[in-house]
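Chemist: Chains as they are written, first to last, in the UniProt record's numbering: chain Y, 1 to 379; chain C, 1 to 379; chain X, 1 to 379; chain Z, 1 to 379.
By construction, these hints were calculated from the structure, which means they are not laboratory data. All of these numbers come straight from a predicted model, not from anything done at the bench. A couple of the hints might just be wrong.
Identical copies carry no separate label here, and so any pair may be met within one copy or between two of them.
20 Å max Cα-Cα, derived EDC-like pairs, lysine to aspartate or glutamate [unchecked claim]:
(1) Lys-145 <-> Glu-205
(2) Lys-209 <-> Glu-272
(3) Lys-273 <-> Asp-160
(4) Lys-106 <-> Glu-80
(5) Lys-347 <-> Glu-205
(6) Lys-273 <-> Glu-307
(7) Lys-209 <-> Glu-228
(8) Lys-170 <-> Asp-160
(9) Lys-221 <-> Glu-314
(10) Lys-295 <-> Glu-314
(11) Lys-135 <-> Glu-294
(12) Lys-295 <-> Glu-309
(13) Lys-365 <-> Glu-199
(14) Lys-370 <-> Glu-199
(15) Lys-273 <-> Asp-293
(16) Lys-221 <-> Glu-80
(17) Lys-221 <-> Glu-309
(18) Lys-209 <-> Glu-110
(19) Lys-221 <-> Glu-294
(20) Lys-377 <-> Asp-245
4 protein chains.
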Amino acid sequence: MIGYQFMGKAHSHAYRDIPFFFSTKAKPILKALCGRNKEAVEEAAETMGWESVETDWRELIKRDDIDVIDIVTPNHTHAEIAIAAAKAGKHIITEKPLALTVEEAKEMKEAVEQHQVIHMICHNYRFVPAIQYTKQLIDQGRLGKIFHFRANYLQDFIIDPNFPLIWRLKKEVSGSGSLGDIGAHSIDLARFLVGEMDEVVAMTETFIKERPLGEMSGGLKAEANSQELGEVTVDDAVAFMVRFDSGTFGTFEATRFATGNRNRNTFEINGEKGSVRWDMENMNHLDVYFTDDEKGTQGFRRVLCTEEEHPYAEAYWPAGHIIGYEHTFIHLLYEFCESIINKKQAKPDFHDGYQNQLILDAIQKSATHKRWEKIPKAD
Amino acid sequence: MIGYQFMGKAHSHAYRDIPFFFSTKAKPILKALCGRNKEAVEEAAETMGWESVETDWRELIKRDDIDVIDIVTPNHTHAEIAIAAAKAGKHIITEKPLALTVEEAKEMKEAVEQHQVIHMICHNYRFVPAIQYTKQLIDQGRLGKIFHFRANYLQDFIIDPNFPLIWRLKKEVSGSGSLGDIGAHSIDLARFLVGEMDEVVAMTETFIKERPLGEMSGGLKAEANSQELGEVTVDDAVAFMVRFDSGTFGTFEATRFATGNRNRNTFEINGEKGSVRWDMENMNHLDVYFTDDEKGTQGFRRVLCTEEEHPYAEAYWPAGHIIGYEHTFIHLLYEFCESIINKKQAKPDFHDGYQNQLILDAIQKSATHKRWEKIPKAD
Amino acid sequence: MIGYQFMGKAHSHAYRDIPFFFSTKAKPILKALCGRNKEAVEEAAETMGWESVETDWRELIKRDDIDVIDIVTPNHTHAEIAIAAAKAGKHIITEKPLALTVEEAKEMKEAVEQHQVIHMICHNYRFVPAIQYTKQLIDQGRLGKIFHFRANYLQDFIIDPNFPLIWRLKKEVSGSGSLGDIGAHSIDLARFLVGEMDEVVAMTETFIKERPLGEMSGGLKAEANSQELGEVTVDDAVAFMVRFDSGTFGTFEATRFATGNRNRNTFEINGEKGSVRWDMENMNHLDVYFTDDEKGTQGFRRVLCTEEEHPYAEAYWPAGHIIGYEHTFIHLLYEFCESIINKKQAKPDFHDGYQNQLILDAIQKSATHKRWEKIPKAD
Amino acid sequence: MIGYQFMGKAHSHAYRDIPFFFSTKAKPILKALCGRNKEAVEEAAETMGWESVETDWRELIKRDDIDVIDIVTPNHTHAEIAIAAAKAGKHIITEKPLALTVEEAKEMKEAVEQHQVIHMICHNYRFVPAIQYTKQLIDQGRLGKIFHFRANYLQDFIIDPNFPLIWRLKKEVSGSGSLGDIGAHSIDLARFLVGEMDEVVAMTETFIKERPLGEMSGGLKAEANSQELGEVTVDDAVAFMVRFDSGTFGTFEATRFATGNRNRNTFEINGEKGSVRWDMENMNHLDVYFTDDEKGTQGFRRVLCTEEEHPYAEAYWPAGHIIGYEHTFIHLLYEFCESIINKKQAKPDFHDGYQNQLILDAIQKSATHKRWEKIPKAD
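With the rest of the complex left out, here is chain Y (with noise of 0.2 Å):
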């Protein structure tokens, strides 16, 4: 694995509980952890796990006992070290969003179909249960044709004209802002549960302009250690309105600025025989509406997606006893060393990568040009 903030602690929590709750053969390895600073990785290596590490990635790629690549760095760094390891043959995975631009992503997708290694991209939130139930209720076509899919991402960890200019919020590292990091999210779920995109218009807003240099102390807080301001240069809210092949009506907003809301990530999805909604602070309930109930008795029914129908819950408690965000990198990593043992290509792939920055990258045509735009489908 290379990289161990935040995300690297999230996959290795999760590489560790796959065989203690799933039964499987696939048994991940924690075999090395990469970073530049020796000093810092070694500690991280311990204290989660892994048996060695390596300080330059491209030493980490040549290990023969290395079979799987881990990608937990920052966006820009994505594509070459993707690219590498597929040339190197080992099965990759690798954070959201998949590059930084669209050609990188194109390359990435075209790496891994050549050299034929597994890969699969974190969007983690798919594997929440209350997901994958809705995904399923909408196969069976228990929602009937989709009117609606209205997505919110909303968290406020900016709005202090104090916090730092992080590397999240600089183009150069990070691509975009509130858009390719929590609205990509929301793309995600949208075109895992309602289907392809054919438009889109955005808009967006970036209300703080300059801010202090300073970098990330942990998770996402961070401290300002200069005086010196440099300029802001992604969004700090996004929001867009989408048609879908299908018909669906989508809106979309993803915001840093929607103070009081910490990690707010919600959707509602509207059909002609039912709905369902969902967020992602309660991520173990789940709304749902069926048009077909008794009048009268009618109304959003509030289910605790933990009993045996529920996708991954059985893996774990009883019903009622809920469940956290660190299982949805389970359930994740879960598909991907299944898919490595069955030789089988899980979902969301760089497919669907290469497919959501065409959608990333469109939504800022837009919002720079005002106007709508196409949405290109991936090859």
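Knowing the structure of chain Y, use the given hints to seat chains C, X and Z on it.
Modeler: Just chains C, X and Z now, kept in the frame of chain Y:
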């Protein structure tokens, strides 16, 4: 109508609204309002639309143009007025609790029966559409055998030690405290929905034992008007556990010391086939659960009881447009008027008031003697 | 009053309740109700307490005993009636949207200004206590600079393809669909709370393009009375993104195809010092967040706006006792009556109606031409 | 560790996660897992990462390489094992309730004290961050004097009459039913947050008196394996009212017949300066109310306890990312390990287990004899 404070206002408004919202032959005429303070009662009559005033309720009862007596005075006056009104052949509606004592309640019940007048007691919460609908569900067997009835009535308007010793805090005027004022509502709802009670054990507490003298200044607000302290002679809080005749397991709590809860009147009913939950602060909503819902989609449905299937709802606005507290009185007094027109006794009546009084009395005895009490049945 | 359906009922009731709940010199007298069907209008007048009827609104306007004209007819008739009433020197209140077109709206605004009559438009949601209180919080700077305004108005009463082609689905009668009917409320709330809008981009959809002919049967219910199909000429759903003059980032969606949502009118406002959330189905509650709350205890406060600090609340019941939809009309019409008595124009008025119409028009143009539109300012 | 079902899994997982999430010198080594069925225990050891197995707990206790004994067996075996382990000088952690009887509990407490080993009892709910935070608020006086403690623990996994007579339904194995299984958690939380109890009156019920024989099949699921019926000898539901030493007024209910509630463990605390509400199904949220919040903005704050101010939260993910049920065990066992390393007894310990047992015993006596019972204090 005798009395013109909080409840007087609620009743007056309801009489005015009945013919507006309901198609009925019963058109209440607001003939006369009665109160001891001439000036105040004249002002109230003007505001609320009463044709005339009286300052002595005995005079009111003598009047030939009065068919109905509505008693909204403090509790210790109910009996004398109601019995006199019954003797005068007036139909009677009175606020709850029916009386101060079981003996008074019994006399009142006998008086209205002997003089064959229509009688009701204002347990207005029965007339929330969600609760009438709950009653229908239970009667239809939709919840099956009832295991549990669990009620809380939580208020917080007297937690300030400077809140004065109003009449509601004096046993000789009000009979009891949270028990008779709000617990009585939970008792009445329980009897309405689940049936009669067999035995009870209770606990009461008076957290603040002395308060400055003072009076109500409107609604549930009041101001101290003296440095002098007087003894609080009623309960601030009461809890009781009940076995119903049906075997249902009942738990109740009523308190005026539940900080942060302005008027949180709630219950939950658990039956073998389903459950309901209700909360007066969201009185239009009813949470309903059915065990025969398909596995995986089981959960409490949040039903907004504003649809044509819900009792009284069609009299108002389209589905989704809520009604409020005052509508409970419109429904109750509508039933009272229909009852008079149709010469057919409605519920809850003085028989219910008497039975409720027997329960209140058993609860007080149980709390005093710290033992289980059998609940007598009204004849 | 001209018209006597859903809105006519709401207005009539409100006039009756104003002097009951509010201490005011303005006593509305329900002089005359006007409708084309004599029998029906007579029955409505009887039920709702109007003294006389007219079947031709021109006759009504001629009457000397009429000071005020209240227009609750379908949208395409507003302009002609209002202009005539203004010429006759009557004070005017009209249902929203003000008119079918910008031109009509402008004429109406000019007419009331020229003839110096008092004028209002029925954006009743402004008058929910929680919303008036939100306005106070914003005006006091409690939320700081506003980053986001995010509104949804979700209904589901026409998802059944057999729901007939009522007047609300015909452009020539209603002007637009979900946009003018419910989206207009969100627009008005946004202007009231956050200020004027600069530019907009919109998307609309008509999911069901043909419907059987038929008519309303009360409230929002309707029945098909023919096998014949007619074309739906308005939007079923609309979404739009707005930049406000203040830099606030606005997102809106209004739809009649949000299955399971009967009348879910919601918004969230995020500011640098705090946020609020509101939902009409729980209209008495306001969720309020402040950034200066002590760390560890920060969270949205669930405020029940029934306390003396909340506008209009003291006119009703003690804290914790909720009011309903109809009270929004009581408050609005109370302000209208006060306005007439005090000869001081209240808000929202025809100027607001005209500005709202300019916005509706820009939205429709934007959706038609698939481009951003600048929003003109009413003079 | 002795036992490897539901609780064995929770404990095993927690031991593995402690060094991952917490910076500690305590690294638990999963030496040996003990169970009577060799094949089953070997499979469990393999899955959960235990180094070796034993089929006789007496052998386990003899082993020199074992420092700690973790007892997750059915309740009737706790005493014998724990006492033997104490004699062998092992540190001990045991599942709750501590024992079947007060006498056993006393012996266990005396044994660990005499042999000076570290001892804990697994009341895991104490270790939810929201609850530890509640404890801090109370200790800081933020709620003032506590008027009310009101707890419900509602489950519904045995409402089906065909659910078999598992060990949890046999008094000789489990001691009691809902009381010791789930009510014991509420009792422990009450003591942790509000303090010791003075007297109690209780009511119990067994709704279904006979059930088919059968066994657990995992989690809380079970299957009948016989037509034969056996007698249910424990309570299905219990309610009790408590006076705390502090004068706090306590009400409790625990039931396995609350249809629709899978694991609804809730409480509300009302104090003179504030209140809190909590619910295990949304365990990361805490509703907090303060009386000194500005009038008009008073309401329960919905706090998501994932911030650095909240105990244990910083070990995991950024604010807004929730944790689940299993984390309560990580925290509890982390404290246990710290306790051993630092040779400093942590809470809750066998003293708490003994005191809880005295309360359970008083409750059972009260229910049997239908009278108030004084609660003895553990020495």
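Chemist: Run the structure past the numbered hints and jot down the numbers of the failing ones, going up.
Modeler: 5, 16 and 18
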